[in-house]
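Going down the list, the sequences are from chains C and D.
FYI, the working numbering numbers position 127 of the first sequence as 127, with every residue one higher than the one before it.
FYI, the working numbering numbers position 45 of the second sequence as 1045, with every residue one higher than the one before it.
Do not rely on the hints blindly, as some may be mistaken.
As the list claims (entries may be wrong) - Quick list of the computed label-pair ranges, beta carbon to beta carbon:
(1) C:I193 x D:E1186: 45 to 53 Å
(2) C:L189 x D:E1054: 14 to 22 Å
(3) D:S1016 x C:K38: 15 to 23 Å
I should point out that these hints are in silico values taken from the structure, not numbers from a laboratory.
Source: prediction; values computed, not measured.
We treat Cβ as the ideally placed atom computed from N, Cα and C, and that holds for glycine.
There are 2 protein chains.
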Amino acid sequence: MNLPSKHLEDAVREFSMLPGIGSKTALRLVLHLLKQDKDTVQQFGRIFMNLKDEVQYCRECNNISDSPVCHICANPKRNRTELCVVEDIRDIIAIENTQQYNGLYHVLGGLISPMEGIGPSDLHIEPLTERIRQGETKEVIMALSATMEGDTTIFYLHKKLKDFDIEVSTIARGVAFGGELEYVDELTLGRSIVTRVPYQNSMMK
Amino acid sequence: MNLPSKHLEDAVREFSMLPGIGSKTALRLVLHLLKQDKDTVQQFGRIFMNLKDEVQYCRECNNISDSPVCHICANPKRNRTELCVVEDIRDIIAIENTQQYNGLYHVLGGLISPMEGIGPSDLHIEPLTERIRQGETKEVIMALSATMEGDTTIFYLHKKLKDFDIEVSTIARGVAFGGELEYVDELTLGRSIVTRVPYQNSMMK
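Let's have the full structure, built from the sequences with the hints guiding it.
Okay, here's the thing in structure tokens:
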């Protein structure tokens, strides 16, 4: 885009760097900020300037936290034998909202993706094996996205964890509850037939 | 959203303040920033902290500019008798891209919107009348959005400008070029029949 001001261009470029924001949307956001009063815009900038310094990570599970140990790891009522491996904090929020899980989490901070140059060493995997070695973990539940990256990461972790005396499971995949069969994508429907489960098992639990 | 960190919450709130960005998208953007290195995120913050101080406006047309007079107002080849009134810089970019206009612009910085509490005094209207009073303007072209706010603003400006010895026009409204009639919305189609123009007039110009 041909902009008449370097400062405007700088601001637009910063927003365009974010995922899902193109240059037109970026310009719209910058113009919105320019209409706000100076304090508001300065505060916007200041919060992001200090972001990396101020955000801490739980030393147990790598979740974002304001204290050295996050509120989930510090909660004595949680089941410490179950460890749910997730990509990031958004997955924790989603799983917590279901109110179906009472164990602990482990945040990888990403998924293995050769396309984006993200390898196992970029993720929080060493601390996971260390945690299992030292801890009370009996089951590791892989709650990763059902994508190529998620599957690759599960495959890698499964190999990493096979020498430990623990169970490794993945969350169930199949037709969504409430989903009408004719609208389910082919791959999911096909896999859900191949990986069918005995009637009692799936409905009665 | 229930977030485990105040700093994370602050950053998410700042992004959610922007138009079209909800709390889920905001969290996604913040997590993206947290994955970048510290310099990148600091620069992101710094650019917005200084934004309001650094961005200047053309003293003639109120367009964003790095110099006191913008490159359009300073261009001696532009036709100084035509003044195109627009909402913001995005409209200038759009009109410049058509390569159909060689006059000057005047940026209002918004539209009159009682719903959002924006009145004539919040817009750059006084400098417009001042500019017409002093200048060589012969025609003012209203290139504002075809919305309630745009129409209200045109109505207000038209009343404001009626004592000047100038022509006031609006950009043509009707069925878009290349548009198939059956898909045109009712209002546009209806108005385009009512405001039909003689054959020569519309096609030969």
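Consistency of the hints with the structure:
| no. | hint | in the structure |
| --- | --- | --- |
| 1 | C:I193 x D:E1186: 45 to 53 Å | holds (47 Å) |
| 2 | C:L189 x D:E1054: 14 to 22 Å | violated (55 Å) |
| 3 | D:S1016 x C:K38: 15 to 23 Å | holds (20 Å) |
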